[in-house]
Amino acid sequence: MQDSLPASLTRRKSIAQLTAEAGAKSGLKRTLGPLGLTALGIGAIIGTGIFVLTGKAAATSAGPAIVWSFVIAGVVSALAALCYAELASSVPVSGSAYTYSYATMGELVAWIVGWGLILEYALGAATVAIGWSGYFADFLKLAVGIDIPQAYRLAPFEAGSDGVHGIFNIPAFIIILLVTALLMRGTSESDLVNKIIVATKLAVVGLFIVVALPHIDPANWHPFAPFGFAGIANGAAIVFFAYIGFDAVSTSAEEVKNPGRDLPIGILASLAICTVLYIIVSGILTGVVPYTQLNVHSPVSFAMIKLGLNWAGVIISLGAVAGLTTVLLVMLFGQSRIFFAMSRDGLLPNFFAQVHPKFKTPYLSSLLVGVVVAVVAGLGSLDVVADLVNIGTLVAFIFVSIGVIVLRRTQPELARKFRVPFSPVVPVLAALGALYLISHLPLETIEFYFIWLVLGLLVYFAFGRRNSALGKRREASGIAPNRRGRE
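Here this note's numbering is used: the sequence shown runs in plain steps of one and ends on residue 487.
Each hint should be verified, as a subset may be incorrect.
[Said to hold, decoys possible] Quick list of in silico lysine-lysine cross-link-like pairs, DSSO-like style, CA-CA up to 30 Å: (1) 360 / 472; (2) 195 / 56; (3) 56 / 257; (4) 306 / 360; (5) 360 / 257; (6) 417 / 306; (7) 417 / 360; (8) 306 / 358.
Source of the hints: derived by calculation from the structure; they are not laboratory data. Just so we're clear, the structure is a prediction, and the values are computed from it rather than from any experiment.
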């Protein structure tokens, strides 16, 4: 029998069913361990935040108190990370927040979360690619003497410093396609490349700390909070983008050797390492250059050049290129895995769930995502709403936090290799913290998110609800839904 509308919206998968499906249907190769997962998280987290947004947030919102903005955003992310860690150890299946929501709150909520994650990863990857293009062009000019014409590294209708308007951002387009090809080739190969680049990136960040530390002028820290606490809070909403990435670790659950143990380690370790580095770098950055001068796209290398250390600026530009490359790697990885999980559930066409017979990767999903994001990166400008990426992630944080509470009540006997301490206090604080940061986002961002949400609901009711694999199984077996909508 066919589920009624209310029952279909709340039907949920049992943990046992999710795990069985993952083992029987995924075909993905388990190659990742705790070190690889931690590197995956660091690769996603350290990038745009430390190389781009730090300067903007300091100059326009928080001043030297940007360190406190990072603390606030970091605390919210840490609370959410604890919730992710528990669900990842309990539901070790691809799909991250989408899968967790399916297991705890039902199909409609899962769709809303998955649709928001699509927004997060796609726009986030495109924005990062555009930033990568700028750093790459700067590096070529400073180190090699090659100057890429602005018309071919700017978006259409975007004017460069020489007044020339852009045609197409070729470097951004190409880097997306190259990363996509790497991901299609295989997870173990991309994992190895990611580890090498992450090590290089951390070394470059360390270089900045060592070189810049002796040049700190305490006078640059006064006034410390020129925009007051409201500025610090607004800065936290901006730099939250810097923490996006640790959730992508959980999308790799079906490619992890020991997910119950390794996923919590990868999530929490990557977040802790990056938070410490953000606070140190932002403190030093505002100490060596007046915060009013930092509203540039490359604040870290800009600071080195202001100090007359051009050689360090060149190295840091190279590090930024490497850092942003790993962010692209993880964002495109996460996007394809979200599509993979939703397609396997029948909510998106089966096209996205097909796995390459040799490489054991969702190659068609990766290819489509890569091509679309590459085009967006080629045509979009750098100020493409990073706030839209933030709101999609924050909404996912809220549902994940609620999911921990729901799963504790509905399945208390479930094996949990990691448990959120002081539950339900920590999950409630995580949800409230995410709501707080959303309240500091621009109104236009919230309005656009609701437009995106309405579009997603139209897709769900036109395709997803009708083709849901869970719904079809229930109809075929004649199972009547129970009060909770589970099988």
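Violated hints - listed by number, lowest first | Violated hints (numbers, rising): 3, 4, 6, 8; every other hint is consistent with the structure.
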